[in-house]
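**Student:** Below are the chains, spelled out letter by letter.
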Amino acid sequence: MSTAPRPLPGWVEIGLMPLVNVALAFLLVGLIVELIGADPLQALKLLVLGAVGSSESIGYTLYYATNFIFTGLAVAVAFHAGLFNIGGEGQAYIGGLGCGLAVLALDRYLPGLLTIPLAILASAAFGAAWAAIPAWMQAWRGSHIVITTIMFNFVASALMVYMMVNVLIAPGSMTPQSRGFEASAAVPSMQAALQWFGIAVARSPLNLSLLLALLSSAGVWIFLWHTPWGYGLRTMGHNPEAALYAGTNLKRMTMLAMCLSGALAGGVAVNELLGVHHRLVLDFAAGYGFTGIAVALMGRGHPLGIVLAALLFGALQQGGAELAFEVPAITREMVVVIQGLVILFSGALVHLPRPWLQALFARKG
Amino acid sequence: MEEVFTLVVATLAATLRVATPLVLCAMGGLFSEKSGIIDVGLEGKMLMAAFFAAATAAVTDSAWMGVGAAIIAAEALALLHGFACITHRGNQVVSGIALNILAMGLTVVLGTAWFARGGQTPPLSAGERLNPIFFPVAGDNVIVYAALLSVPVTWWLIERTRFGLRLRAVGEMPLAVDAAGISVPWLRYRAVLLCGLFAGLAGAYLSIAQNAGFSRDMTAGQGFIALAAIIFGRWRPFPAFGACLAFGLLDAIAIRLQGVKLPGIGEVPVQLIQAMPYLLTLFLLAGFIGRTVAPKAAGVPYEKEH
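Top to bottom, those sequences are chains A and B.
Numbering (the numbering used here) for the first sequence: 1 to 365.
Numbering (the numbering used here) for the second sequence: 1001 to 1306.
In short, the hints are calculated from the structure, not lab data.
Treat the hints loosely; a few may be bogus.
Cβ pair distances, simulated, as ranges [what the hints assert, rightly or not]:
hint	chain 1	residue 1	chain 2	residue 2	range
1	A	ILE36	B	ASN1211	20 to 28 Å
2	A	THR175	B	LEU1257	21 to 29 Å
3	A	PRO355	B	LEU1257	56 to 64 Å
4	A	ALA192	B	PRO1123	43 to 51 Å
5	B	ALA1126	A	ILE36	26 to 34 Å
6	B	THR1161	A	THR175	53 to 61 Å
All C-beta atoms, glycine included, are put in the ideal place defined by N, C-alpha and C.
Make the full structure from the sequences, and use the hints.
**Tutor:** Okay, structure coming up:
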């Protein structure tokens, strides 16, 4: 830079810049909608209505958001440690294997109050284990975590297809899915839970996993900003040499960050398998891991930002489905386009609007 | 005896068919990585190119127009990658991932809007495709030969030209290149554009040569296998080419082995063979086969000092 970068006021840096980034992405989306011959404003209206127009659609939005909170947190925790975990997809998938194995082994012998926590722990443990191998390879062998986690996604997918088709398939079933879990091993749906308090809402896949996701967000916040380990983790992300000098064991910290990240990704399995499908199925994690990158980037790695970004992406997912239903020219994949553009503008091109904002708000000196 | 011969020839031809897009992508990726720009977006470039190749060929009835459109589409994404990573010094991995996801969505969105076939393009007739030149059974279309040619050309460009010398230097130590008065961004942009050219050809191969039209997600991870091949070949053209052939052979064998019981081993799970390129690369990366040497400045944005 020929001129020293002039600092922006805090609220512009934290509040306005991310909004400008997202606005740029949506501007492009509007252009694409225009290009394929639909009306962008009409599309936006349908999308918003589809996402929050009824208690059923709100339920769907929150159900999708639950997955995005888990994967967004997973990406963010690793990111704070300076590690780019692209393997959320595979970790969630293998987390599901752990979840499924636990329930299939226990649900006929233990009450739900024991089975469910054990299944949640199994999801987290399997997710963490799947992240631990690339973490080990990064820490002790110096192999790039981006490459290894990409490869592990493919290996996870192959492993799961093998397990589902050859091992875990329900006897007599034509489709590769396990036997149904016992009703006791189901995480209660939000509809049932609210019924306990006399509140009536429409049926939707939304279940109490949302609370687990919110608890995890709070937990991540406390861990990262209010514990010595979190401090060490963030120090490593900012400056590994400083962290080393301060006595942090970088190898162990890499393992800790990645295992935590994988465990969080395993939360997707809780929401999908214990909350919705009630059996082990193929491809239940499809796409959520990658969207987690967009969520984490948009939420700037902060749990509160991640919850908000997850809500936005949940609304997009649900509203996009409704929009595709209403307007034949637009397909559900429009949501994927939006995700890609948000990752581009909030991630790789994050500094694009800086000069413009500097011209507007820069402080002298 | 003749049966064995036929089987071997058929398997080799299948290997070459599968390896062609891998080879092109790997050579393209090599240019980018050598210049210090990591490209995990090979997959997206190839997918976008495949879509525009098939769409253009279907509309214009010309395979060559399709090839041209494929290259333009891949170059557009390559330029976007360059704009984010070189001009704006953004995170190269994030940019690559973004382009992959964008391509995944945009191909289906545009395909559905234009052709209303659930994301597929209309099936192409023989006249709208690139057809085999000498051996109809082997599928030796022009892009297969281009892929074979791309390997020595890449080697020559990187190892034997002034451009290649500077390219390798900018991937190892951009500061030195800058100090010598050579523009780092311009060098890297050229590398990224070369990458787009090769990825574009690979995409065109998928949709208008190997297949007769585009179907959603038809790249199916091949961009990442090409990335694995680059690592496997330790960022050198001929070894990377060998890795592509090996991965192609694995794929050809996987198809043959489906449901076959091997003596002593039993049935080999197809999924295991499909995961083999990734598993082998992981073993390599873990250092069990030998150390890998990536260009030192790969992934690090270059900040010019004044």
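**Student:** Against each hint, give a clear statement of whether it holds in the structure.
**Tutor:** Hint check:
1. A/ILE36 <-> B/ASN1211: 20 to 28 Å: For A/ILE36 and B/ASN1211 the Cβ distance comes to about 24 Å; the hint holds.
2. A/THR175 <-> B/LEU1257: 21 to 29 Å: holds (24 Å)
3. A/PRO355 <-> B/LEU1257: 56 to 64 Å: At roughly 57 Å between Cβ atoms, B/LEU1257 and A/PRO355 fall inside 56 to 64 Å, so the hint holds.
4. A/ALA192 <-> B/PRO1123: 43 to 51 Å: holds (49 Å)
5. B/ALA1126 <-> A/ILE36: 26 to 34 Å: holds (30 Å)
6. B/THR1161 <-> A/THR175: 53 to 61 Å: holds (56 Å)
In summary, the structure agrees with every hint in the numbered list given earlier.
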